[in-house]
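Take a look at the letters that make up each chain.
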Amino acid sequence: MATQVFKIPEIYRKNAKYTFCPGCDHGVAVRLVAEVLEEMKCAENTIAVCSIGCSVTLYDFLNLDSLEAPHGRALAEATGVKRAKPDKIVFTYQGDGDFASIGLAESMHAALRGENLTAICINNTTYGMTGGQLGPTTILGQVTTTSPTGRNLEYYGYPIKIAEHIALCDGTAFSARVSLDTVPNIRKAKQAIKKAFEVQAKGLGFGFVEILSTCPTNWRMSPDKAHDRVREEMMPVFKPGVYKDITEG
Amino acid sequence: MSKIIIDKNRCKACYLCIKECPKNLIKVSDQTNNLGNRVVEFCDPNGECLGCAMCATRCPDLAITEVYRG
Numbered sequence: 001m002a003t004q005v006f007k008i009p010e011i012y013r014k015n016a017k018y019t020f021c022p023g024c025d026h027g028v029a030v031r032l033v034a035e036v037l038e039e040m041k042c043a044e045n046t047i048a049v050c051s052i053g054c055s056v057t058l059y060d061f062l063n064l065d066s067l068e069a070p071h072g073r074a075l076a077e078a079t080g081v082k083r084a085k086p087d088k089i090v091f092t093y094q095g096d097g098d099f100a101s102i103g104l105a106e107s108m109h110a111a112l113r114g115e116n117l118t119a120i121c122i123n124n125t126t127y128g129m130t131g132g133q134l135g136p137t138t139i140l141g142q143v144t145t146t147s148p149t150g151r152n153l154e155y156y157g158y159p160i161k162i163a164e165h166i167a168l169c170d171g172t173a174f175s176a177r178v179s180l181d182t183v184p185n186i187r188k189a190k191q192a193i194k195k196a197f198e199v200q201a202k203g204l205g206f207g208f209v210e211i212l213s214t215c216p217t218n219w220r221m222s223p224d225k226a227h228d229r230v231r232e233e234m235m236p237v238f239k240p241g242v243y244k245d246i247t248e249g
Numbered sequence: 001m002s003k004i005i006i007d008k009n010r011c012k013a014c015y016l017c018i019k020e021c022p023k024n025l026i027k028v029s030d031q032t033n034n035l036g037n038r039v040v041e042f043c044d045p046n047g048e049c050l051g052c053a054m055c056a057t058r059c060p061d062l063a064i065t066e067v068y069r070g
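Residue numbers (our numbering), protein chains in the order written: chain A, 1 to 249; chain B, 1 to 70.
Residues from chain A that keep clear of chain B, each with C-beta distances beyond 12 Å, as calculated: (1) I47; (2) V56; (3) R73; (4) L112; (5) G114; (6) N152; (7) C169; (8) E198; (9) R220.
Derived CB-CB ranges, DEER-like: (10) B:N34 <-> A:G150: 38 to 46 Å; (11) B:D30 <-> A:G157: 44 to 52 Å; (12) A:A2 <-> B:I18: 21 to 29 Å; (13) A:A2 <-> B:E41: 18 to 26 Å; (14) B:K23 <-> A:D60: 31 to 39 Å; (15) A:D60 <-> B:S29: 27 to 35 Å; (16) A:R83 <-> B:N34: 38 to 46 Å; (17) A:S222 <-> B:N34: 21 to 29 Å; (18) B:N34 <-> A:G157: 40 to 48 Å; (19) A:D60 <-> B:C43: 31 to 39 Å; (20) B:N34 <-> A:N63: 17 to 25 Å; (21) B:N34 <-> A:G80: 38 to 46 Å; (22) B:C43 <-> A:R13: 27 to 35 Å; (23) B:E66 <-> A:I246: 35 to 43 Å.
Because the hints were derived from the structure by calculation, they are not lab data.
Each residue gets a CB set at the ideal place from its N, CA and C atoms; glycine is no exception.
Only chain A is shown next, with the shape it has when bound in the complex (with noise of 0.2 Å):
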């Protein structure tokens, strides 16, 4: 008798088809954060806030109660949502350009108020959705459609490393960073999601996850060769790791 290991989280909407690109890792982020929330039993009770870019397209898939932020403003709309139900499970789901740039000072403050809130954030080191311009997090020489010659220090400075700075603020209950590069890093990713759940659902703070993700069709790249990249240009500078956990130790 054959035991079923895998199947479609069952909040998805039925017959739901990503809008993604070929290979692109957002639709496993949604699945990985869809598992979670079953596994949490808690769908039901969750609330979706999401953002601009190429992550916005979460409602079309899940079935979530959702709202949609304006750019950048996930966490700021977030907050109030959580401060009016404070007994409902708050997520947001952004990309880096979202969070990280015009959306800075609302993720950072979220985190330094210690608001009992989830984020997801997907670092792709572009702005995919509007064609691949440079974002907040792209790297030092990556070439993009506004960085033709690569981003260079003088000129642009250096990207941010979100995982790291959400940290800092003492608001904050977890931060990790992880990636998605191979099926062993999807699986240590869904641990991360989960337990930046877990700490909302006991009211300890606001639990953070970076997802280093890919981008084929801004990189210009087969789905096979944007995983390489990941792995030999992006964690290499984004490190993959735990950067605050305050329920060990």
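Starting from the structure of chain A, add chain B where the hints point.
Just chain B now, kept in the frame of chain A:
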């Protein structure tokens, strides 16, 4: 017997699953789906599938909808 079920109409032909399968049981088929993508197919004539679900974990488009181990 272990097996996977592929929803061909979700497949976007990124072929990440092909590299992931430890037994090389997933191949590019000669069919195209509604989206015009040349989809993958599961070929396991000798019952080698381990049911490890690595393909389904990797698939970014939920095209591998079910995995059975046994």
